[in-house]
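J.: Residues per chain are reported as follows:
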Amino acid sequence: MGAPMSEHSTYTPGTGIEKWLDERLPIIRFSKEHLMDFPTPKNLNYWWTFGAILAIMLVVQIVTGVILAMHYTPNVALAFDSVEHIKRDVNGGRIIQAVHSVGASMFFAAVYVHIFRGMYFGSYKAPREILWILGVLIFVLMMATAFMGYVLPWGQMSFWAATVITNIFGAIPVLGNPILELLRGGFSVGNPTLNRFFSLHYLLPFVIAAVVVLHIWALHVPGNNNPIGVDVKSSRDTVPFHPYYTMKDLYGVVLFAIPFAWFVFFAPDILGHPDNYVMANSQVTPAHIVPEWYFLPFYAILRAIDFNILFINSQLGGVIFFGGSIVILFFLPWLDTSKVRSGTFRPMFKWFYWLFVINFLALAYLGAAPAEGVYVILAKICTAYYFAHFIIVLPVLSRIEKPRPLPASISESVLGKAHA
Amino acid sequence: MATQAEHHGTRRDFIFVATAAVGGVGVVATVWPLINQLNPDASTLALASIEFDLSAIEEGQSVTILWRGLPVFVRHRTQKEIDEAKAVPMADLKDPETDEQRTKPGHEQWLIMIANCTHLGCVPVGESGEYDGWFCPCHGSVYDTAGRIRKGPAPKNLVLPPYDFISDTLVQIG
Amino acid sequence: MGGIVSMFKTKTILAAVALVAAFAAPAFAQDHSGPHIEKQSWSFGGLFGTYDQNQLQRGFQVFREVCSNCHGARLIAFRTLAEEGGPHFSEGQVKALAAEYNIADATAEGGTRKGVAADRWPSPFATEQDARDANGGALPPDFSVLAKARGVTDAFPWWITNYFTGYSEGGPDYIHALMNGYHEEVPENAPHAADGTPFALPEGKYYNDYFPGHAISMPPPLQDGAVTYVPGEDGVTVPETVNQYSEDVSAFMMWMAEPGLVSRKETGFKVLLFLVLFAGLMYATKRKIWQGIEH
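Chains as they are written, first to last, in my numbering: chain A, 10 to 429; chain B, 210 to 383; chain C, 14 to 308.
For the record, the hints were derived by calculation from the structure and aren't laboratory data. Here the structure is a predicted model, which means the values were calculated and not measured. All C-beta atoms in this analysis are idealised placements derived from N, C-alpha and C, irrespective of residue type, glycine included. Don't take each hint at face value.
Some, not all, of what chain B presents toward chain A, calculated at C-beta under 8 Å [unchecked claim]:
| id | residue |
| --- | --- |
| 1 | P242 |
| 2 | L243 |
| 3 | N245 |
| 4 | A251 |
| 5 | S252 |
| 6 | H285 |
| 7 | Q288 |
| 8 | D292 |
Derived DEER-like restraints, expressed as beta-carbon distance ranges [said to hold, decoys possible]:
| id | chain 1 | residue 1 | chain 2 | residue 2 | range |
| --- | --- | --- | --- | --- | --- |
| 9 | A | A219 | C | F169 | 36 to 46 Å |
| 10 | B | D292 | C | N115 | 20 to 30 Å |
| 11 | B | C347 | C | S276 | 43 to 53 Å |
| 12 | A | L223 | B | L254 | 54 to 64 Å |
| 13 | A | N200 | C | R300 | 37 to 47 Å |
| 14 | A | G232 | B | L254 | 46 to 56 Å |
| 15 | C | T210 | A | T294 | 38 to 48 Å |
| 16 | C | R300 | B | N248 | 58 to 68 Å |
| 17 | C | G124 | A | A219 | 51 to 61 Å |
| 18 | B | D262 | C | P232 | 49 to 59 Å |
| 19 | B | K303 | C | G124 | 53 to 63 Å |
If we strip away everything but chain A, and leave its shape as in the complex, we get (with noise of 0.2 Å):
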């Protein structure tokens, strides 16, 4: 069975009114070209359907976010017991709440797989680059944009994230003051500071948007990657976007939300902290600290470097390891020199990928367990080794390693694993 309908498009408008659109604003025809004729390799599989749940995932946060913004009070008295207003007075509050702080969850667990899942199959490799790093950009405005929303009920956490994630700007030698008196509005985390991150928290994540029709713009120039890494070679390769990937694509997005909707339905608070539920209070620092799930392992880069490194003292040297940890992520087109793209065909690089899996889940645990003992030691091992993956392991992998033969196409690869 052949795939005639996988070519671009050839849409040629039916009415008048259509005619007429078309020749002012041809969105009609974009439509088709990009959402459904767009020509999609035949062989991806279930982990590029995180593409899509991550594009709702955005729409439900920004639908929720919005419902929320119209019942919460952004100052420091009221911010907290009106988030209980919501959960309690407000037509389906509890719900709508719910499905508002578990999403931030439910968001960066599908952006984790969506970006792990690019590592592994090559998907930064030429001609994705840019690709690439307008995605490490929307992973940092995520995380901006959560950190903020996490400050808006007022909570212990809330507060006391707030005061030690604004710390960090304080590390910056000779500016780091104003720099920190600037972000907050005052002298410490206040009132000021809740209603400027109320006001960005909506603001960013209409940035992400647009950083996100970017992101598909990049991705519709060459074309999807796919898990043999081999270039579309012809018409045979690929469907049609629609029905093909909008159908597998739901289908993803279904089954995403059945943990989604257990965690909102049936224990919406155990991604969350307790002491969340106890009001700010800037003179108690609760017992242990410890940010949302999704920041923990660059939390533990942060925290790994106990130490002077020569003039650098150990804050600051802590921040340059932290923001270098996402930094890196921008390169990483250039770091990974090989010329196979999937890791199906890279019989070394399989295995430092995962290590460099365990390695992150690793940290990630680190970030959550006291400073104290051997994890701080562990901390520091896995922080190097983190680095080292980017820095040494991918660049030598690069030269040293023999990959598997490729297929010729995709066609032929499929071909082959029907008959297998």
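For this one, chain A is given, so just place chains B and C on it according to the hints.
T.: Only chains B and C this time, still in chain A's reference frame:
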């Protein structure tokens, strides 16, 4: 071959239609709560109905209370005011209503009205105007001792909220 | 199935396990060394759990007669005591109850008025300073969401199971333990200070097994027989003991913190059922569409 293809087609269609139908139900069930959250919440609805104790209001006095965020006049009318209101012929009224229609039987002395002028919503001033009732300073509407419109741009009598007497001195509004 | 596929499946499972581990990581953070807290069997625990109306009514009685003398519950409106799924008192009972309290209202004569069902539970103290002065400098925490502000931690790796059982009763478990954890004298197994000296209980504090640091400002609030229970609608009588009181009041506090628990779970079942059905249909649809395409 033909029948097999037809059969195949029917089953295929059934799955598509069923999926679309169930999906449609899901969309509606998701969208409705997103709209319903705009409706008044439980704390607002809890104040939709209030009880008010009339015992402290002397004859000839009125108070303005708040109900559902609206000002409400509660006036303890004098006999003179009641007689005046009852004496008005229906033909003189822009919005004909008898005094009995404006009050509860057995409690004619109590006049309970939403205090927003029916013209554009200002709060009229009590015990003023040429009909001994209310005068709206915004655009000059004049109401009589039963809160009926007598003169000026307002089209209707002052609106009566739904209310009932629980006892002689306790009234439930809303 | 080719080699690539089966290998990928194994990794799928690996990745799923890893993901769960990542999700579960924060629970580890709460791991502070404290005595083991016994988990109770709550009527509202688990998938099908709902509040026991009679227990909530008893718990309310304990709260009202004992706790509310010092602890506020500023987010609890009287009207919610009549809600289904909660203590479910009658509207009349709630109205009469509210009327027993004076509510601060700047628009009322004298600054206070009789409470109505729409009012929230009044604080026992006018200001935070008053509360501290009356309690030896300690501030009795507000009860509104306290049951969710406390928790129980499980040792690695058992907390992972909590994500599958939806364990959300750590608060009531802690409160129940706290109520039963008082000692008249500092017990022999009390932890020693860092320099090896025996545990020293500060003046005006009480020793409790479960309170962090063990020195709690609150005197043991419950005594056997302190509250005479009004028989519940079911006619079942329960013992008037500290253990029973603490179970009942913990349940009531959980209801205060999460009043919509029952309706939330009910909706949850419908949603999950729908999603499973829809996922099945989507799978069939997707298969039909992909039929005949090698992929």
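J.: Could you check the structure against the hints above and give me the numbers of any it violates, in ascending order?
T.: 6, 7, 8, 10, 12, 13, 15, 16, 18, 19
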